[in-house]
Structures are given as C-alpha cells and as structure tokens.
Amino acid sequence: MLNKTQYNGSNKSAVNSLSAVNKWFAGFGRALTSVDSSQLKDCFSQDAHWRDLLAFTWGITPFRGNNQIGGKLVQLQKKVQAHSFRLAENRTPPRNLSRLGVSVIEAIFYFETRVGRGEGVLRLLADEPSKAWTFLTTVYELKGFEEKTGVDRPTGEAYSRNFGGANWLDQRMEVRKFSNREPTVLVVGGGQAGLAIAARLGQLEIDTLVIDKHERIGDNWRKRYHSLALHNQIHVNHMPYFPFPPTWPKYIPKDMLANWFEVYTEVMQINFWESTEFINGSYDEEAGAWSATIRQGNNRERTINPRHIILANGVSGIPYIPNLPGLDKFEGEVLHSEGFSQGGSWDGKRAIVLGTGNSGHDVAQDLHSHGAKTSIIQRGSTTVVSIDPSAKLNYALYDEGPPLEDCDLIASAATYPLIVKGYQLAVKKMAELDDALITGLVRRGFKYDLGEDGTGHQMKYRRRGGGYYLNAGCSELIISGEIDLIQFDEIEKFVEAGILMKNGAVEKMDVLVLATGYYTQNELVKRLLGTNIAERVGQIWGIGQDGELANMWKKTPQEGLWFIAGSLAQCRIYSKYLALQIKAIEENLI
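With my numbering applied, the sequence shown covers 1 to 590.
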C-alpha cells in the first residue's frame, strides 16, 4: 500500500484522492472476483477506455465503453485470474489533475494474474469518482522468470576469480560466436530498436543475436548527415536499464548517440555481429523455426535457425526513389538523402533538394551553410513545428515530475481516440505559438497544414512516418529567401542542365538530393521473406483497424515474426512487452 504519511491534514484533496482510489479498487475487486459483468460495467463511465498490454489479452489491445469493458473482463478473467488490485508502493501517489480537459484522479496501481505481476494507470472522474474513465493494465514480469536486477542481480560465480579457467572476457567472446548453438531470437537491425529489444531479452535469459549490415555499432546514426541531432530532449530518450549521463546536452548529436550505442552494447552484454546482412529466410511450420541466410563481412554465408526473427530496421527501410520525368537526362549528381553526409563539397555550386520533411529541410540547411546556392522543392503540404517551444508540448508529461518509469506507464495509457484528442488540443496551442513562423511560410508560398484532422506531426508520424518538419532553422531561411522554394507542380520535367519549369525557365543545378522517404516495411518483408509472408502479415506501422500501430511490438499473422520500430522512447517502452511475449511463448505460458 502507498505510505499514507505522504498525505497530511493540510492536503485534503490528496487524502480524498487516496480514499476515492482505494474505494474504487475495493468495488472493482469484488466485481472481478464475482465475475459479474453488470457490476464491472458500473465501475466504468459510459465512454471509458481500457488499454491492455499483455495482462489480460497477451497482446496490445484497446477497448472502449463500459459495456464492452465489462463484458471482456468477465470473458477474460476466468483464465487470467487477476487479483490484488491496489495502489502501487513507492510510485507517484494519486493526483488530482486535468487530462485532455477532463478533471480526474490519476493513480498507479499494482495487481497480479495467474502467471504474472502487473501495473497500470487508473483515472477516475473527479466529479464521479466511482467511475473509471481510463484504465491501463500491463504485465511487467512473469512469475518464476523475474529479471535478475538490483538485489537479485547474478553473483557472477561462473567467471569471477575463475583460476585456471575462462574468465568473463573469454566467455563473452565465445558466447558471441554462436559456434555450437542457434540463437533463440535473431534481431535484424542494430539501432535503438534492435538494442532495446536485445537488452530486454538478455535480462529474460533469451539467447539473442543482433545483426547489422554496417561496419560499426551505431553507424545507422553515425553515417547520417553531418549536422543531425535528435529533435526531442534527452530526458525522453533514455535506453532501457542504462540512462544517458546527466551531463549530456538536451539535444543529442548523432555521433554522440552512435558512440553511446557501442557503449550500451558492451555494458548490456548484447551479442552483436557487425557487417552482417540478412539475405532471406523461410519458416518451417513443423520445426517451429526459421531458416535464415545471413552474409558476413567476408562474404561468407551462414544459415541459422532461430525460433523468432525480430525486424528492427526502423520505420524507414529501403530508400524510395520516385520515377521523375527526364531525370535520367540530368548531367549532374543525384543522390538520396540517406547517402548525404554534408554539403562541404558543394560550396559555390547550385544544389536542389526534393522533399520538405525533416531530412529535406536539414539537408537544404546544411548545403546552404556550406555555401551552396540552395533551393528546396515541395511536393505536398507539410506540417512545420518549432522544436522549442511547440514540439516540446507533446512531451509535457515528462516534465511533470514523476520518475521515468511512471511517465512511461502513464504515456502508455491512452487509446487511439484519446491520442487523437490529445494531439488536437496540443496542435491548437502549437499553432498559436508558431503563428509568426506559419504566416511567414505561407506568405512565401509554402503549402502548410496542421495534419489530418488537426492532429499535427505526431499523428503523421504514426500514420505514415513522415510529412512534417521540426524546425531547426531552415524555415527562417525559406522565409527570408536565402533558400529558394520551388513547387513541384510548377515543374515540367528534368533536363540536362537541371529543371525545366512550366513557364519555360530552366533552374540550373549541379546536384539533386532526393529527400523522398522510404518504402514501407511491408516492401522490406517482401524482399527478405517473400511475397506470401508479406501478404500474410499485411500492413506494418500506420494505424490498424483497432487504432494501434499495425503489427508493431506484438504477435503478427506470421508465426515467429515480430517488428519493433519507433522513437527511442517507444523502443524503451514497448521492448519490455515484446520481450515478455517471447519469454511467455518460450516458457509455454501462452
């Protein structure tokens, strides 16, 4: 139970909140024990939202409305046997606050199921505290398979002072080879997604191998354009188990992050093979394992047979190069933004960037800063947001004061309708804060939007993985005319010298950088695992029919195939639940 000494007579609202939450849990517990759908229905408001992460459904599953929630709890409880719902110890105490304009009492709670221990977030309506408005249930550990951390950390007897035998380094080098065993899990991609899930699986004693085509750990960030830094602040971006140093800058430069990935891999004892490419794979239903062909840096191919493959290649995979009329006639250089490093070699030259997303703007600004006469081509309407103050609004939760683990849990509580409403409210404020910026861009002829249904850049990211720019200074250069703006629909075709406009003018250029995005993950699956598996899996990323990100961090229609992608925060949060699902399968709990 929460220590009641945290409350005192001078904090009457806190005492009332504590009383309301305890009373609700008592009633909910009785209803759940009796498996009474009408009583359970009465515990929730008519438009309540329940999001379950593994605890009841072994998936990432949203429910809406007290009728559906009550019925599902009855249906699932018989097998799940959830019990002991109560306030969590040593966590953020119940708070009276406003969420999405609704006055609520918010509390973090603990509970147990037949096979696991869980935690969640409860929000009661402040004016009707007998009714829950939002309800999150998650599993954070499996009984009998707890992570060996803190006071339960391993003793290290296998290699400590092992006189006459292999020490820790000897054993680590041998383990990494996989010379006489198969990995249980093969993770393809060694960025934040791959490292986060590998670290989680390692703590659950699941034998995992990460492979990455790059020569060095962190190269997926290190090899990106020279001026790149993260667009959100450091306190949101920590990796699992091992936070960034408190001395680090608010916005981490790409090379700093890349080097950290090397440190992280070593500290978390992750088995990682650099210069190793996944070539193809097929699934043996009878054996319950994959036959995966990989090619290592010496061009030697090897077949391995993991039970699970996790594609951790990110939302952005294979560069997309559109079919542009006449581009094959252009006599200058053409490259995709993925291959762009920095604009130093284009000083005094004419450079044009196609695309007005984050990469397009940053590449254009880098070229301009190196003395290139730069233009940017806009193909479609774009959402533009200032990094500070506007983009920071989406992470306001992490500025409220609770520790990271509490913020992560609270951030996981919203179902799709609430996420949409939250972004709509934030975008209205962003538009006010960025009014001068937006006005200046529109005056220059820039096509601007607030996102579909006014949800801004974050929902664009969830729905399509692009179509927005977090302004790091390029917008001001466009407004001032230092970087020229060309609209794609005013272009006739590309010619030898550059671009022929519909008005007959020729825009000369020496280099064209295509910031045109990437193919979807489904195309990557098709190329690596074949059309049949790609069609079986279907949509990857984007909003699925249930409002969750499609086939992300959960079981897919293809047995043994998983996906993890997203921001550092998303990878930190959801790697836990992906790892627990695989552990549960391996221990025959599912």
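Simulated from the structure, these hints should not be mistaken for laboratory data.
Predicted model, so just to flag it, every value in this text is computed and none were measured.
Take the hints with a grain of salt, since some may be wrong.
To be verified - Within a straight-line C-alpha distance of at most 20 Å, the following computed SDA-like cross-link-like pairs (lysine to any residue) qualify:
no.: 1; residue 1: 392; residue 2: 488
no.: 2; residue 1: 373; residue 2: 213
no.: 3; residue 1: 23; residue 2: 177
no.: 4; residue 1: 78; residue 2: 129
no.: 5; residue 1: 213; residue 2: 100
no.: 6; residue 1: 254; residue 2: 449
no.: 7; residue 1: 250; residue 2: 78
no.: 8; residue 1: 254; residue 2: 349
no.: 9; residue 1: 447; residue 2: 435
no.: 10; residue 1: 428; residue 2: 460
no.: 11; residue 1: 526; residue 2: 508
no.: 12; residue 1: 460; residue 2: 348
no.: 13; residue 1: 373; residue 2: 460
no.: 14; residue 1: 223; residue 2: 129
no.: 15; residue 1: 143; residue 2: 68
no.: 16; residue 1: 392; residue 2: 100
no.: 17; residue 1: 250; residue 2: 336
no.: 18; residue 1: 508; residue 2: 497
no.: 19; residue 1: 349; residue 2: 379
no.: 20; residue 1: 555; residue 2: 285
no.: 21; residue 1: 78; residue 2: 20
no.: 22; residue 1: 213; residue 2: 519
no.: 23; residue 1: 392; residue 2: 425
no.: 24; residue 1: 460; residue 2: 443
no.: 25; residue 1: 392; residue 2: 253
no.: 26; residue 1: 447; residue 2: 476
no.: 27; residue 1: 429; residue 2: 389
no.: 28; residue 1: 460; residue 2: 496
no.: 29; residue 1: 177; residue 2: 166
no.: 30; residue 1: 508; residue 2: 222
no.: 31; residue 1: 131; residue 2: 152
no.: 32; residue 1: 460; residue 2: 369
no.: 33; residue 1: 250; residue 2: 222
no.: 34; residue 1: 131; residue 2: 68
no.: 35; residue 1: 131; residue 2: 285
no.: 36; residue 1: 329; residue 2: 496
no.: 37; residue 1: 460; residue 2: 422
no.: 38; residue 1: 349; residue 2: 369
Holds or violated: residue 254 to residue 349, with C-alpha atoms at most 20 Å apart: Not OK: residue 254 and residue 349 at ~27 Å, beyond 20 Å, violated.
Given hint residue 166 paired with residue 177 - CA-CA distance at most 20 Å: Holds. Residue 177 to residue 166 sits at ~15 Å (cutoff 20 Å).
Given pair status - residue 389, residue 429, alpha carbons within 20 Å: With Cα atoms ~10 Å apart, residue 429 and residue 389 stay inside 20 Å; holds.
Starting from residue 460, check that the Cα of residue 443 is at most 20 Å away, please. At roughly 24 Å apart (the allowed maximum being 20 Å), residue 443 and residue 460 break the hint.
Holds or violated: are the alpha carbons of residue 250 and residue 336 at most 20 Å from each other? violated (29 Å)
Going straight from one Cα to the other, do residue 143 and residue 68 come out at no more than 20 Å? This hinted pair is violated, its Cα atoms lying about 29 Å apart.
With the threshold set at 20 Å, check whether the alpha-carbon distance from residue 373 to residue 213 stays at or below it. With Cα atoms ~35 Å apart, residue 373 and residue 213 exceed 20 Å; violated.
Would the pair residue 447 and residue 476 pass a check requiring their Cα atoms to be no farther apart than 20 Å? holds (15 Å)
Given hint residue 222 paired with residue 508 - CA-CA distance at most 20 Å: The hint is violated at about 32 Å.
Are the Cα positions of residue 460 and residue 348 separated by 20 Å at most? The given pair, whose Cα atoms are some 36 Å apart, is violated under the 20 Å limit.
Please work out if residue 78 and residue 129 have their alpha carbons no farther apart than 20 Å. violated (27 Å)
Pair hint residue 131 and residue 68, alpha-carbon separation not exceeding 20 Å: Given that 20 Å is the threshold and the Cα spacing comes to 15 Å, the pair holds.
The structure is inconsistent with the numbered hints 1, 2, 3, 4, 5, 6, 7, 8, 11, 12, 13, 14, 15, 17, 19, 21, 24, 28, 30, 31, 32, 35, although it conforms to all the rest.
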